[in-house]
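The C-terminal position of the sequence shown is numbered 121 in this note's numbering, with every residue numbered one higher than the one before it.
Among the hints, erroneous ones may be present.
Claimed, not checked - Across the chosen pairs, the derived CB separations fall in these ranges: (1) 111 / 40: 16 to 24 Å; (2) 9 / 100: 42 to 50 Å; (3) 10 / 97: 47 to 55 Å; (4) 11 / 119: 18 to 26 Å; (5) 80 / 8: 31 to 39 Å; (6) 17 / 91: 44 to 52 Å; (7) 10 / 107: 43 to 51 Å; (8) 40 / 90: 24 to 32 Å; (9) 9 / 109: 20 to 28 Å; (10) 80 / 118: 14 to 22 Å.
Since the hints were derived computationally from the structure, they do not count as laboratory data.
All residues carry an ideal CB built from backbone N, CA and C; glycine is no exception.
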Amino acid sequence: MWISVVFILIVATSLVAMLMQRRGRRMFGGGVDAASGYVEGTLTVTGLGRQNEPDKNGSRYCTISGTIIGPQIAPTEVYGTQVLGADDVAPTVGASMPVVYRPGKVDSTWRFGVLGD
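I would like the entire structure built from these sequences, with the hints used as guidance.
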């Protein structure tokens, strides 16, 4: 009996890890690291789309526009759709959000987050 429970827990943990990896998140916080060419910046939110209802997994899509300020770039206007997890706080107009991006490709590589250690 206990072997079945342990097996089910291992399978469930593996599935969660695979889903999180597929969505671009790391299992225990973090995100990307500096070695991958990303740097940290700040997004000042200037516009938001309407609030969407969470999907069956609790994820919400957020259409957002704003200005990213950070090292190695001039202030850059960006627009895009980001996925917010069930526990992520929805941004508001005027909020400053931490983001990561690749210098030179800010408008196509930015996403919410901070660099991992």
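The hints, checked one at a time:
1. Here the CB-CB span from residue 111 to residue 40 is close to 18 Å, well matched to the stated 16 to 24 Å.
2. Between residue 9 and residue 100 the C-beta distance comes to about 46 Å, which sits within the given range of 42 to 50 Å.
3. The beta-carbon spacing between residue 10 and residue 97, approximately 49 Å, falls within the hinted interval of 47 to 55 Å.
4. About 37 Å separates the C-beta atoms of residue 11 and residue 119, a value inconsistent with the hinted range of 18 to 26 Å.
5. Hint check: residue 80 to residue 8, Cβ distance near 53 Å, so the stated range 31 to 39 Å is violated.
6. Between residue 17 and residue 91 the C-beta distance comes to about 19 Å, which lies outside the given range of 44 to 52 Å.
7. Roughly 47 Å separates the CB atoms of residue 10 and residue 107, a value that falls within the hinted 43 to 51 Å.
8. The hint said 24 to 32 Å for the Cβ distance between residue 40 and residue 90, and at roughly 26 Å that hint holds.
9. Evaluation of the 20 to 28 Å hint for residue 9 and residue 109 yields a failure: the beta carbon distance comes to about 47 Å.
10. Separation of residue 80 from residue 118 is about 18 Å and conforms to the stated range, judged on CB atoms against 14 to 22 Å.
In terms of the numbered hints stated before, the structure departs from hints 4, 5, 6, 9, listed from lowest to highest.
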